[in-house]
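**Q** Spelled out, the chains give:
There are 2 protein chains.
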Amino acid sequence: MIKYILLVVLLTSSLEGLKLHKKRTNFENVPKFKTLYTDQYLDHFNKRDDRTYKQRFLVNDEWFNPNDGPVFFYAGNEGDIESFWNNTGFMFDIAPVFQALVVFPEHRYYGESLPFGDSSFDQDKIGFLSVEQTMADYAVLLTKLQQDYNLCRKKNPIIAFGGSYGGILAAYMRYKYPNIVRGALAASAPIYLTAGLAPSTLFFQDVTNDFDKEPGCVPLVRQAFDAMENAAKQGDYKLLSEKFKLCEPISDAAGYKHLLLWMRNAFTIMAMVDYPYPASFLGDLPAWPVRFACQQLVNDTAKGVDILSSFKNLASILYNDTSKCFDIYEQFIECADPTSCGLGNDAKSWDYQACTELNTVQETNGVSDMFPVISYNEELREQYCLKTWGVKVRKEWPSIQFWGKHIKTATNIVFSNGLLDPWHNGGPLTNVSDSLVAVIIEDGAHHLDLRGSDPNDPQSVKIARYLEIEQIIKWIEEARKEPCEKF
Amino acid sequence: MIKYILLVVLLTSSLEGLKLHKKRTNFENVPKFKTLYTDQYLDHFNKRDDRTYKQRFLVNDEWFNPNDGPVFFYAGNEGDIESFWNNTGFMFDIAPVFQALVVFPEHRYYGESLPFGDSSFDQDKIGFLSVEQTMADYAVLLTKLQQDYNLCRKKNPIIAFGGSYGGILAAYMRYKYPNIVRGALAASAPIYLTAGLAPSTLFFQDVTNDFDKEPGCVPLVRQAFDAMENAAKQGDYKLLSEKFKLCEPISDAAGYKHLLLWMRNAFTIMAMVDYPYPASFLGDLPAWPVRFACQQLVNDTAKGVDILSSFKNLASILYNDTSKCFDIYEQFIECADPTSCGLGNDAKSWDYQACTELNTVQETNGVSDMFPVISYNEELREQYCLKTWGVKVRKEWPSIQFWGKHIKTATNIVFSNGLLDPWHNGGPLTNVSDSLVAVIIEDGAHHLDLRGSDPNDPQSVKIARYLEIEQIIKWIEEARKEPCEKF
Chain A
294 MIKYILLVVL LTSSLEGLKL HKKRTNFENV PKFKTLYTDQ YLDHFNKRDD RTYKQRFLVN
354 DEWFNPNDGP VFFYAGNEGD IESFWNNTGF MFDIAPVFQA LVVFPEHRYY GESLPFGDSS
414 FDQDKIGFLS VEQTMADYAV LLTKLQQDYN LCRKKNPIIA FGGSYGGILA AYMRYKYPNI
474 VRGALAASAP IYLTAGLAPS TLFFQDVTND FDKEPGCVPL VRQAFDAMEN AAKQGDYKLL
534 SEKFKLCEPI SDAAGYKHLL LWMRNAFTIM AMVDYPYPAS FLGDLPAWPV RFACQQLVND
594 TAKGVDILSS FKNLASILYN DTSKCFDIYE QFIECADPTS CGLGNDAKSW DYQACTELNT
654 VQETNGVSDM FPVISYNEEL REQYCLKTWG VKVRKEWPSI QFWGKHIKTA TNIVFSNGLL
714 DPWHNGGPLT NVSDSLVAVI IEDGAHHLDL RGSDPNDPQS VKIARYLEIE QIIKWIEEAR
774 KEPCEKF
Chain B
294 MIKYILLVVL LTSSLEGLKL HKKRTNFENV PKFKTLYTDQ YLDHFNKRDD RTYKQRFLVN
354 DEWFNPNDGP VFFYAGNEGD IESFWNNTGF MFDIAPVFQA LVVFPEHRYY GESLPFGDSS
414 FDQDKIGFLS VEQTMADYAV LLTKLQQDYN LCRKKNPIIA FGGSYGGILA AYMRYKYPNI
474 VRGALAASAP IYLTAGLAPS TLFFQDVTND FDKEPGCVPL VRQAFDAMEN AAKQGDYKLL
534 SEKFKLCEPI SDAAGYKHLL LWMRNAFTIM AMVDYPYPAS FLGDLPAWPV RFACQQLVND
594 TAKGVDILSS FKNLASILYN DTSKCFDIYE QFIECADPTS CGLGNDAKSW DYQACTELNT
654 VQETNGVSDM FPVISYNEEL REQYCLKTWG VKVRKEWPSI QFWGKHIKTA TNIVFSNGLL
714 DPWHNGGPLT NVSDSLVAVI IEDGAHHLDL RGSDPNDPQS VKIARYLEIE QIIKWIEEAR
774 KEPCEKF
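Sequence lines, in order, name chains A and B. For the first sequence, the positions run 294 to 780 when my numbering is used. For the second sequence, the positions run 294 to 780 when my numbering is used.
Treat the hints with care, as some may be off.
[Unchecked claim] Straight-line C-alpha distance at most 27 Å; calculated DSSO-like pairs for lysine-lysine:
hint : chain 1 : residue 1 : chain 2 : residue 2
1    : B       : Lys698    : A       : Lys701
2    : A       : Lys418    : A       : Lys774
3    : B       : Lys698    : A       : Lys774
[As the list claims (entries may be wrong)] To give a feel for the contact side, a few chain A residues facing chain B, derived at Cβ under 8 Å:
hint : residue
4    : Leu335
5    : Phe338
6    : Arg341
7    : Arg344
8    : Ser376
9    : Leu434
10   : Asn472
11   : Arg687
12   : His699
13   : Thr704
14   : Val725
15   : Ser728
16   : Ala731
[As the list claims (entries may be wrong)] Partial list, computed: chain B residues near chain A (C-beta under 8 Å):
hint : residue
17   : Asn339
18   : Lys340
19   : Ala432
20   : Glu689
What the hints contain is simulated information worked out from the structure, not anything from laboratory work. All C-beta atoms, glycine included, are put in the ideal place defined by N, C-alpha and C.
Kindly generate the complete structure, drawing on both the sequences and the hints.
**A** Take a look at the structure:
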């Protein structure tokens, strides 16, 4: 208890944040982990299916005190678990103080945790990828760990952490397995949006708002998209291909649409990871990439660079042109979730999830946002998902299974959201109850609070982390009142 | 609101119970129902599987007031849903006062709701029978009904009812789908026991305690089992076959064991349905069958009837000897759950569930109970389940998935238990929190409170029903505070 008080005093007195590890951005001081594997049932809900797969999980127990250390559990989301280990420094900043055991299980069908290796993404094998199966994996693993480490509920409460879809999973774990997870920090978790309860134009409107904070930026972006539109209308795909230095020139409307999607994606990513320092989370980006991009665009055009070339220069902040040209078909892949498309296995799995349990229908209209009209609605999603994955979208399922807006009965969850994050309007922004607490980070982008402390952190994220620590301490103290039972 | 106050006044002033329907036992006044069917996904958790099946559900809307009537939802359990409609009169006693819509969905793989018809029980088809799939069926159906009837959360809160395994499901629905179910009456729901958290000798010890309330009964039962044991030791299966009037004589230790199980089962059933009036729920039995059986046993032996014949006479209270003999192989089938074995499809499904998610390992030792030693433990269960269903028992799953003893985060559940019910020690007998309320019925057997009001009801069940109504009103009033939103 005393150590927690010290921690809070430290935080409140200076609000300088925790400085146990600096320079998180280069992963230089990221703590080591042990890589372990556990056998999980492929199908937790069909007991006739005895097949198992190897789930990877990362563990650090160097600070763990079995007598009263909690378990810090990161709810692995849509990617290689090591990348989340390298981008969730907040947990390592506070784990030594809490003397916590740190566990990062990998989400099934991502990273190394592929039930059927590279053929996991075949239509007849992908069906075991679901939010429910994943949560069951986590519940079973955590129960196993409490046996292996001889943990008890009183001394070693489990706190879930997660960002984005991982934050959604952390919250859901508290909804569905409060017997196992004592509390959850759900950072940037757009739970309402993914349950299909947000307008489809919300996301890109908020991307636009981010860029609109920079003087003169949005009008130039609109001007650039207009210039593209004019060229396309005249069939001048050659001009566009040259101006944007495309490795593979476009020659028709479909190619033009792909160029627009690639361009729009640059704004999406910069808005999402608008961090106050250089970071390489969704691409190598400079500090405050939105400001950086806008200033460059304004400066370029002021210098007389034509608008299309200036626009290409903006894209090159995110995209590599190592071959002296841009491969827009490699750098952006059309998929079910227009905000997150990529190459490789992880992108395939995410695409399947965006067709099943995560509603991510976002579109632009050029009115409430600065982008060209690119329609995407439930009907188009349904067509795409049937064609690509052979699945009929079960539209109502997510809000039935994961409670939609009716989450009042849950307890011990922090929903944190940064106002720079275009996802923030998709989640709870005010307290739902005394123990469903909303934390707002005025100058924060996508789950900035989960990242390690940095000298450039704005005050608002330091305060957010303080509030989160306060809640975590509350959850741990709550556990102390219970007998020392197994989970 | 006023009508509820009237209801409570009525109940508290007289405590005579609700007399809207009498003579429930003969089903004479059981309200009518509409039989409806809905398409349900066979696999709610694998979106690649688009197969559906027809789930039956029964509806009565004759009293329903859409403006403020709740939905009374019975969580169908292991049998034909019509049999539960005919044995859950409490809901019909109060539904007119609450102006409730009454819905009884049938549990998948029971009654008519067989996904693959008669071949549903093949090893390659049974795997879609699970508690999780069943709960998803209910959640999806209830969401569909709110659309069909244009219900909203404020005006039409859904209250779940269930007895025994149905009570477990009602409670679980509130654990996992509190967005849909506002409160649950879980009658005689041994949630701890089925999660594997009770000693294997508990159940039959409580059966013994029931019979021990009748003077002179247990010593005679022990004497009778001893006499059987003596005959068996001498290999005198002929004597046993004659005394028990077996249609098919037994001739070896296996046959003898089956006779013992058949005999023990008579006690099990009589203890479970030790109701204050004749009932035909798990067999046609007289009022207070435990007392009836004991008095007959005592009288028979007092009259000089030999102990084995007296014992056979006791069994005949439950079992039919229409062919002038007892077919013990038809009247009792050995299975995974030694407390509930029978013939037919429903029994097959229950057997599978007892091998998967419902731990029902009960055994007798002749010390803490009055029965011969019949061992049954996890190891024997595992062997049986592997042999019969080809499933490896996942022993820890039920307490991981359904919270075991750690249910404190749930709200709005009444756990009612009758002290005559041998299952009562398997569930919560004291309040877990302000809104997880234990109701004890001193003179009640297995979910007597869910049955319709009867002139012979003991005072304790009338009080229990009053307490339950009080909670239901509380849940409905809670819903009134919310906006009129969809589920």
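**Q** Taking the hints in turn, state whether each one holds.
**A** Structure-based check of each hint:
{"no.": "1", "hint": "Lys698/B to Lys701/A", "in the structure": "22 Å, holds"}
{"no.": "2", "hint": "Lys418/A to Lys774/A", "in the structure": "45 Å, violated"}
{"no.": "3", "hint": "Lys698/B to Lys774/A", "in the structure": "16 Å, holds"}
{"no.": "4", "hint": "Leu335", "in the structure": "11 Å, violated"}
{"no.": "5", "hint": "Phe338", "in the structure": "5 Å, holds"}
{"no.": "6", "hint": "Arg341", "in the structure": "3 Å, holds"}
{"no.": "7", "hint": "Arg344", "in the structure": "11 Å, violated"}
{"no.": "8", "hint": "Ser376", "in the structure": "26 Å, violated"}
{"no.": "9", "hint": "Leu434", "in the structure": "10 Å, violated"}
{"no.": "10", "hint": "Asn472", "in the structure": "4 Å, holds"}
{"no.": "11", "hint": "Arg687", "in the structure": "6 Å, holds"}
{"no.": "12", "hint": "His699", "in the structure": "4 Å, holds"}
{"no.": "13", "hint": "Thr704", "in the structure": "6 Å, holds"}
{"no.": "14", "hint": "Val725", "in the structure": "13 Å, violated"}
{"no.": "15", "hint": "Ser728", "in the structure": "10 Å, violated"}
{"no.": "16", "hint": "Ala731", "in the structure": "19 Å, violated"}
{"no.": "17", "hint": "Asn339", "in the structure": "4 Å, holds"}
{"no.": "18", "hint": "Lys340", "in the structure": "4 Å, holds"}
{"no.": "19", "hint": "Ala432", "in the structure": "5 Å, holds"}
{"no.": "20", "hint": "Glu689", "in the structure": "6 Å, holds"}
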